[in-house]
Structures are given as C-alpha cells and as structure tokens.
Amino acid sequence: MIKGRYEDENLKWIPLLIGLVILIPFALKGMTFSYKYYLYILNTVGVYIILTVGLDLLSGYTGLISLGHAAFMAIGAYSSAILVDQVGLPFMASLIVSPIIAGLFGFLVGFPALRVSGMYLGLTTMGFGFIIRRLIIAMREWTQGSGGLVVSAPEIFGFTIKGDWANYFLVWTVALLVIVAVRRIVKSKIGRAFMAIRDSEQAAEASGINLAKYKMLSFFISGVLAGLAGVLMAHTNHFISTDHFDSMLSIYFIIMVLVGGAGTVYGAVLGTVFIVLLDNLFVPELETLLHTMFSIESGELESFIFGLTMFLFIIFQPTGLYGMWLKMRIYWKLFPFNPKKRFT
Amino acid sequence: MNSLITDISQEIVSGVALGSIYALIALGFILIYKATEVVNFAQGELMMVGAYVNFFIIQGFTGDMGLPTGWVFLMGLIGSILFAIIFGWFLDLVINRPMRDEPVFSIMMATISMAIMLRAVVSMVAGTESLVPPSPFGGTHFKIGGVIISMLDLTIIIGAIVLVSVFYYFFNKTRWGIAMQATSEDPIAAQLMGVPVKRIYSLVWIFAAIVAAISGVLLSPRASLIDTNMGFMGLKAFPAAVLGGFGSIPGAIIGGIILGVIETISMGTLSYHFHWVKEINDIIVWIVLIAVLMIRPNGIMGTKEIKKV
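Chain order of the listed sequences is U and X. First residue of the first sequence: 1, per my numbering; consecutive thereafter. First residue of the second sequence: 1, per my numbering; consecutive thereafter.
Keep in mind that the hints are not guaranteed to be accurate.
[As the list claims (entries may be wrong)] Distance windows between CB atoms, simulated: (1) X:E129 - U:K333: 52 to 58 Å; (2) X:T128 - U:G30: 52 to 58 Å; (3) U:L289 - X:N229: 26 to 32 Å; (4) X:I188 - U:L312: 24 to 30 Å; (5) U:L312 - X:G194: 31 to 37 Å.
Honestly, the hints are just simulated from the structure, not real lab data. Remember, predicted model here, so these are calculated numbers, not experimental data. All residues carry an ideal CB built from backbone N, CA and C; glycine is no exception.
Sequences and hints are given; from them, build the entire structure.
Here is the structure:
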C-alpha cells in the first residue's frame, strides 16, 4: 500500500500513552463543566481506535482493502447484545465470544479475498456490508429489525460499569491492550508475512509464505478487533441500531487510517483521534459560524470536510499524520544539516 | 399461469430498461478503467450531478409557462452534457493527473472522497428534499399482448443501445479509440509512438462524465424523483460491470441487463410468491456480485489477465 516502514515506531510510547489516558479525564474535569460530553467523545475515539488499528492491520499492513468494516462491528455489537441480554451469557464471556463470531465472519469474507484483489475486494467487502445490514434487519425476532436494540450495562466481576467515567476506563483499557497486542503482532513473523504480502504477493509466495493462510489470518484478526469494538460500543452506548453501522461509517474508518498513515499502528490511532475530534469539536463550531451566512443543514458540511480532508491528505501527504510527525522529528534531529530529499 | 407469464414478461421489460441504465453507468466505469486502471467511485455522483443540472435547466426554461416542450428537454440534455464535459476535464485535472503513479488504492479512495464531497456540495446547493422531474413523454405507453411498455423505457433502452454502439465503434474503429486502447495497454509505449497520452486521459474522463450525465438524465424521469441518494445507484452498477467482466463494453451491457432483470423479477414475482425474497431484494445485486466473484472472477465476457512479476 503506502510504502515505507518506520523502524522507530516502537513500544516506548506506550507508557506515555497510558499516562495520557489516565490523566486526560482528570484534566478535563478540572477544566470544563461539560467534561462528560468530552468523555463521551473520547469513548467514541477509544472504540474506533480498536477498530481502526485492526483495519490498519488488514489494509495498511496486508494490503487488503475493506470497505465494509462497520459490518464486523455490527456483528460484534449485535451478537454481544443478544448473547448477554437474551441468552444470558456474562459480559466477560461475551467479550471473548462475540469478537470471535465477528472474526469468523472475517474468515468468510477472506475466502473471496483469496481469488480477488484490489478494487474487486473493495466491492466484495462493500457488498458484504450491505448484506450484513440487511440480514440484521431480517432477523427481527432477535434484533428488533431496524428499530434498534437496547443493551444492558456491562458487568465485570460483579461491578456494573455505568456512566461515561467508568465507560472511559473500560474502553481505553481495552484500546491500549489492543494497541500493544497489534504492535506485537506486527513485529512478529505474522506481521512480517503480512507486509511481504502487501509489498508483493508473488515475491511473498516465492519465499514460502502461505498466502491463503496469512490473508485469512489477517481478515480474522481484523474481524475480531472490529467485533471487539462493536461489543464495547453496544455496551457503553446502551443502544444500537443498523443506522449506527451504515456503509458510510466503513468509509470513514478508511479515512481515519489513511489520514493517520496506513501501515503504522500509531498512525491509525492518530488518524482516529484527529478525525473524531474534527467531527465533534471543529465541525459544529464551523457550522454555527457558517450558519449566520448561509443556511446549511447539519451533516452536509461534516461529510464535505471529511471528503476534503482525505482528498488533501491523499494528494499532499500520502504518509499521513504519522509520516508528517516523522518528517518533523527527523528535521529537528538533523537540524543544521537538513537532508532536502529524505522523504519524497 | 397465463397471468404469471404476463407478469414476468412485464418485469423483464422494465428490468431491461433499468438494466440499460446500469449498463450506461457501468460503461462509465469501464471507460475510465480501461484507459487508466482507476475505478471511479464517483461515477454515481456524476450521474446525480447530471440529473440535477438537467432538472434545473428544464425548470429555468419552463418558468411558469406550464408543461415544458420537447425543445426544453433537449436543451436540458445538451446543457447537462456541456456541464459534464467541463466537469470531466476538472476531475482529470484534480484526480487523475496528480495521482498518476500512486497505488490504485489511493486513487480509489480519492474518488470516494470526491464522491462524498460532491454529494455534500449538491445537497448544500440544491437542498436535501427530493425534486420531482417532469417526464418528456408524460405517461405515453403502448401494449403488446398485455405487456405495457412505456415510451420512457423504450427511449432508455434505445438510448443505451445507441450510446454503447457509438462507444464500441469509437473504441474499435476510430483513430482516437485505437489510441485509447494503446494507452490502456502501455502508456509509455503509446507516448513514444506519438499518442498524446495526456489528452487521451482527459478525453476518457470527459467521456465518462458525459455517459454519466446522460444516464442521469434518462434515469431521473424513470425514478420520478431526484435526490442525493441517486449516487448509490452508481454503486449498484459495479456488480453489473463485474458481472460482464470489468473492461469489456459488451460485457457491461449484458451484465447490466441481467442485473436489472434479476432485480425487478425478485422485487415483483419472486417477492410475491416467496416471502423470504422480500427481505433480500435490495441486496440481491450484491449477492450476485459475490457469487460471481467466487465462481468466475473475470466475469462473463472478461479475459483472464496474467500478471508479470
């Protein structure tokens, strides 16, 4: 996909990230009265990070395009809602089972991926997204159709997780674990196989990488992570409907990965934070500002800005935010002797 | 039994008309794909823009004078084609040229972002509520053995046939068409042989925009409403293009018509007789797509491509 592996993207950032994650809610509480709203936004960021990191593993590292990732999220969310509320499974068990169900669907999508590639795969996954959405509506007895489903609060070791504050720590604990886990995967033999497949399928196969196995594995892991995001989303949001997982969301996920920098784990994290904050903090401001001049309905400006952001990033900064950061860092590292054409 | 046959043949007729529109949109994809190996996800949005421009021109010239005349419709068609020419050229300038050497995935995402922007801009300019376009033929129709064929459907089918034949002829017989084929085969070699590759690329994007605009103009009276969701029709044309084998013009026609017929029959007779079909009839094109990709990834008319390492 986008070339260039960054060797200095390593785990030393994790303690900093953990510190930041713990500090931010307290800082917010000290600074604003409406900190609960910001916590809610940060919860969304956390859930999306779990998904985009997984999507990055699939699209950025393995080079397989998915335009239907919201469907995996929907599968995770709905299966967890059904398992916990209707079957009576404890939340902790569902946290493991539901992502695996989503992962198995990833397996299913992986089958066509063995035969088709590039845009055909994009179409297949997009079609998969539409089909899953329709199936969820069709399974009315369990999912209440398009009306949506109310989900109970999660219970962990007898404690009920309720409210934005508790949700925040639940979501971000999982998100940090996922980031570390994916970092480990990327640095392992599996990750190297993924990157080899991305750079050249033929060369990878010639060096003894089992294409089928690793492509399926990539889809499986990515599906599991998306399912995990769905489980957390269902249980922290307490309400899910098919509108939460429409096909536009899948495209927004890809935008997040690309804006952050495909093929880097921290890039996916950065991109998600950037896009969600842009969506929730910047766009409403701009909307009220523009509203005095033109009459614009909400939602249009948002998608326009998303589209424009991605377009500009693809053309001017294909390595994304993470690439930008690396450029800056190298610039300062070598300050007086700046190489002119280091990253082109 | 007799009524069943009538129903099905009725559905086939309207399916062929719907399929012709799919085929036209798919033709737009294929034109761009053949020449530049880029899949233009904004094709459906180009169609939407064409339909909107057509609508506003017709509305502007009709004024308060009541029903528009034939000349006004012609003017709407010409106006939207002119607009499409400018627009296609613009898209070539902003998407194709700066991104020539980028990976396919990036270009695909660029066209998707263009589609998102177009949809947003159109709903900002034209408002979000659906518009009702006038039909040039009113409700004119005729009957053949119990099967009603509306004048509009007939025009759509004929229009699609004419357009596709023109393009088929253009691609295979004319100088510029052959230059385009050479460009899609190997742009560098074509450039060395004196083919103006740059101009070919903008020409291809312009053609695709024109085809999209015409399909938008044809579709809008048939759907009898225009809104920004029309762009999703473009997505439905993908399976048509894939079914016919991406990159083959006759394939697009066959694929489009097959899909159109499948869709209308599943919406009509099959939904009536089998309850469960009702649940899946709006995703049936995607089921067909995945089935085709699993069984025969190169489509009906496609040729197998061998990748050199």
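Tested hints:
| no. | hint | verdict |
| --- | --- | --- |
| 1 | X:E129 - U:K333: 52 to 58 Å | holds, 56 Å |
| 2 | X:T128 - U:G30: 52 to 58 Å | violated, 41 Å |
| 3 | U:L289 - X:N229: 26 to 32 Å | holds, 28 Å |
| 4 | X:I188 - U:L312: 24 to 30 Å | holds, 29 Å |
| 5 | U:L312 - X:G194: 31 to 37 Å | holds, 36 Å |
Comparing the model with each earlier hint shows a violation of hint 2 alone; every other hint is respected.
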